[in-house]
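With these hints in hand, go ahead and build the complete structure from the sequences.
Chains as they are written, first to last, in our numbering: chain A, 112 to 426; chain B, 2 to 300; chain C, 2 to 235.
Treat the hints with caution; some may be incorrect.
Unchecked claim - If the Cβ cut is set under 8 Å, some of the chain B residues that face chain C in the computed set are:
| hint | residue |
| --- | --- |
| 1 | K171 |
| 2 | R174 |
| 3 | A180 |
| 4 | L182 |
To be verified - Residues of chain B placed beyond 10 Å of chain C at every Cβ, according to the derived structure:
| hint | residue |
| --- | --- |
| 5 | A6 |
| 6 | T128 |
| 7 | L136 |
| 8 | L160 |
| 9 | V270 |
Note that these hints are calculated values from the structure, not bench results.
Every residue gets a Cβ at the ideal spot worked out from N, C-alpha and C, and that includes glycine.
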Amino acid sequence: MDQQFLGLFMYALSLATMFGIYGVLCLGLNLQWGFAGLFNAGIAGFFAVGAYTTAILTSPESPHYLGGFGWPPILAMPVAMLLSGLIAWPVGRICLGLKGDYLAMATIGISEIIRLVLKNEDWLANGTMGISTVPRPFESLGQPWGNVAFLAFVLVVMLIVYVALERAWISPWGRTMRAIRDNELAAAAIGKDVVRFRLEAFVIGAAVMGLGGALSAMYFKFIGASATEPLLTTFLVWVMLIIGGSGNNRGALLGAGLVWFIWSGTELLTNRLPAEWITRSSYMRALLIGVLLIVVLQRFAKGILPERPPRRIDR
Amino acid sequence: MEALADFVNLYFLPGVAVGCIYALGAVGISLIFAILRFAHFAHGDVMTFGAYVAYSLVASLGWSVYLALPIAIIAAAFLGVAVDRLAYKPFRKSPGIIVVIASFGVMLVVRSLIQLIWGVDVLNYETGIRKPIELFGGFRIAQKHIIIILVSVIIAAGLHWFLSRSRMGKAMRAMSDDADLARISGIDTERVVRWTWLIGGGLAAAAGVFAGINSKLHPSVGWDLLLPLFAAAILGGIGKPYGAIVGGLAIGIAQEVATYPWIADMPLVPPAYKNAVAFFVMVCMLIWRPTGLFRGRVL
Amino acid sequence: MALLEAKGMVGGYGGMDILNGVDLAVDAHEVVVIIGANGAGKSTAMKALFGLVALRAGQVSLGGKDITNAAPNDLVALGMGFVPQERNVFRTMTVRENLEMGAFLKPAAQTRVMEQVFGLFPVLKEKADQPAGELSGGQRQMVAVGRALMTEPKLLMLDEPTAGLSPLMMEQIFERIVAINKEGIGILLVEQNARQALAVAHRGYVLATGRNRFTGTAEALLGNPEIGQSFLGG
Ligand SMILES: Nc1ncnc2c1ncn2[C@@H]1O[C@H](COP(=O)(O)OP(=O)(O)OP(=O)(O)O)[C@@H](O)[C@H]1O
Ligand SMILES: [Mg+2]
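Have a look at this one:
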């Protein structure tokens with residue numbers, strides 16, 4: 112294959128794979144925020160739990176940190192989800208009574224504590240060095256077909272999450288969740304267990320974020336402190352969901368694709384700039400994303416694809 | 002005696018200096034939270050902006066950083082007002098969470114502008130190490146700490162005068178007490194909001210410059226302090242500027258002092274977990290006493 | 002021409018109408034009282050006059066000038082004062098500071114008017130440096146009324162200033178309201194203690210479910226048996 116074409120092709124593959132991973136994260140956040148109105152600003156923490164779990168379980172044995180246990184990736188993924196969910200459970204139990212901004216501050220605080228532990232406990236996850244021997248499924252197929260296969264894998268996972276959440280959205284469970292989000296008192300008055308529903312949305316959403324972390328660790332074959340920076344996880348995912356349209360799973364995916372394309376895809380264009388500008392171009396893109404977020408919020412507060420109530424069956 | 006001197010020199014006084022930095026930032030967060038009803042996530046980046054403005058003056062004109070401080074304060078105060086006008090004002094009647102998300106956007110914008118203008122290298126206001134100043138009986142204090150603490154005290158005194166004596170300062174307290182009643186009383190609330198940003202932004206710049214003096218200057222110097230600032234504001238009680246000062250000092254001192262070898266020879270809290278002290282305090286306060294130590298509000 | 006005149010006010014909270022066409026008028030030098038059951042929309046009508054609840058239809062004018070949906074601080078500048086039913090003092094601020102906030106638009110007259118307010122409510126002078134949140138209910142009402150008087154309004158609107166007060170305190174407050182009115186300030190008053198209120202008022206309105214039910218002079222309303230039964234406690 113032509114070298115330049117191959118380069119472009121690989122680049123497109125990486126864009127699409129990252130879209131899939133962010134898509135999963137956005138769907139997880141949509142479950143918490145779009146469905147249940149929970150302002151979780153600790154995405155990075157649950158992402159990190161999923162990613163580190165995968166890295167420890169799947170990487171080959173190492174004297175420097177826990178494991179690795181050399182598990183097949185496909186088995187590590189459910190464990191990553193489970194662990195993220197398990198950690199989210201007590202967090203939700205104590206924090207979900209908090210409203211809005213307060214919940215955001217509490218979750219970001221807890222997420223930073225999680226990140227600090229993962230970064231500083233060398234025995235657990237090799238500390239600041241991180242783990243760089245995470246296997247990626249289908250690697251053995253070589254370039255580019257291994258990458259194609261992994262992309263397909265990521266997209267299938269994303270699609271499964273999407274379908275599951277779409278069904279949840281129209282289910283009585285989803286309807287109750289929105290009722291609680293829109294009017295907690297009224298929902299409680301008709302006998303809904305508000306606390307339990309919220310906790311469910313929080314825990315399941317966190318598990319989905321853990322899944323996103325697992326995919327990311329496999330894709331980069333690496334996990335370390337820099338990969339769980341809140342800017343690239345928490346905040347970028349929030350920007351994606353808000354721009355795409357919260358309360359709309361399709362909006363979540365659209366946001367993930369659009370924002371990731373602007374964040375990273377425009378590299379193709381800026382690569383042609385003079386060298387001194389190339390390093391700066393990534394900041395220009397961050398600038399662009401920030402402006403886009405503010406403009407979208409001001410013009411279409413509900414995102415590009417706003418929430419639509421499903422056809423009402425009752426009444 | 003020597004142990005006490007060590008404790009004071011190496012843990013307590015640095016803690017007070019860090020506490021001053023937190024206090025300056027937290028006052029703004031607390032006022033903005035009380036008056037505009039949202040947690041301003043871009044506050045750390047306003048701090049960073051102020052710190053870099055001071056750096057520009059130091060680097061290009063050869064000024065002392067302390068001389069550059071007032072200019073940085075003015076610049077960040079106006080940045081605060083401008084950001085409010087462009088980004089937050091359209092959301093005055095929206096639910097607070099929308100504004101928080103808008104502040105995520107502002108965070109991205111301000112930080113990337115800083116990176117574009119000043120680059121991403123780690124910078125210093127001045128090079129070389131200054132000898133600490135000997136006090137009595139083995140006590141020593143770094144020059145930078147003296148200045149940080151003194152200037153913070155002066156700023157706090159000015160703030161106290163403003164809030165307790167000036168008409169606008171009182172109006173700010175009135176609005177953070179009850180915004181609707183302030184409007185009914187004929188207070189021009191938009192003007193109060195502008196002043197809130199001037200004060201909040203200016204204090205943030207002071208905090209940012211001091212953070213740069215205390216360690217180093219880099220584009221996330223303010224962001225790294227954001228959570229301790231929230232912690233301090235919550236600890237002090239939202240809408241309580243004096244509470245935020247106490248909260249900032251408490252958290253700064255707690256962070257440093259927690260690394261002292263209280264039991265055996267090991268630091269009680271490993272230095273790498275210093276920040277966790279702040280996060281932990283914040284989460285505990287949020288859960289068990291969200292009104293803070295001084296009975297602030299819960300919005 | 003009336004000092005304050007509202008015609009056909011329609012509006013409410015978040016798309017739900019509470020007022021379904023309310024007319025009100027207050028003349029300069031008049032005391033006008035609004036009575037009605039709980040939830041009738043009395044407070045909402047007051048807030049609508051003061052630009053705190055958006056009107057979908059209807060008009061409000063002050064001295065012939067259209068003030069429909071004007072901003073509250075502009076209304077203060079035009080000579081209206083409002084004491085809301087709840088949360089009507091700055092609890093964390095001292096009595097003096099509360100009064101100063103009332104004078105925000107007219108700092109020049111602050112000292113002079115504050116002396117007048119202290120003359121009207123001597124307790125406040127004693128408590129001047131105490132936080133308003135620490136005062137008794139009656140004293141707090143006085144702070145609230147004093148705060149509203151600080152801009153020397155032409156029209157003072159009071160929403161249940163005697164709620165929860167002892168009969169003695171209530172009497173005092175009514176007495177002061179009459180005194181304020183004697184100074185040439187028009188008064189619009191919402192009251193649960195309707196009998197006492199009508200006793201000091203010139204005219205009254207009875208609201209029910211966001212509409213005018215009865216309108217008339219105070220004597221006429223007091224004399225109307227139907228009103229007596231349902232609104233004046235028999
Ligand atoms: N802020 C608000 N948001 C939504 N609905 C409100 C609000 N305030 C009042 N209401 C509703 O508007 C209706 C009228 O309330 P309003 O306070 O005007 O009654 P009121 O006549 O003053 O009663 P009261 O004598 O008890 O003070 C009530 O049904 C109330 O539930
Ligand atoms: Mg009422």
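Checklist entry - In ascending order, which of the hints set out earlier in this document are inconsistent with the structure? => result 3
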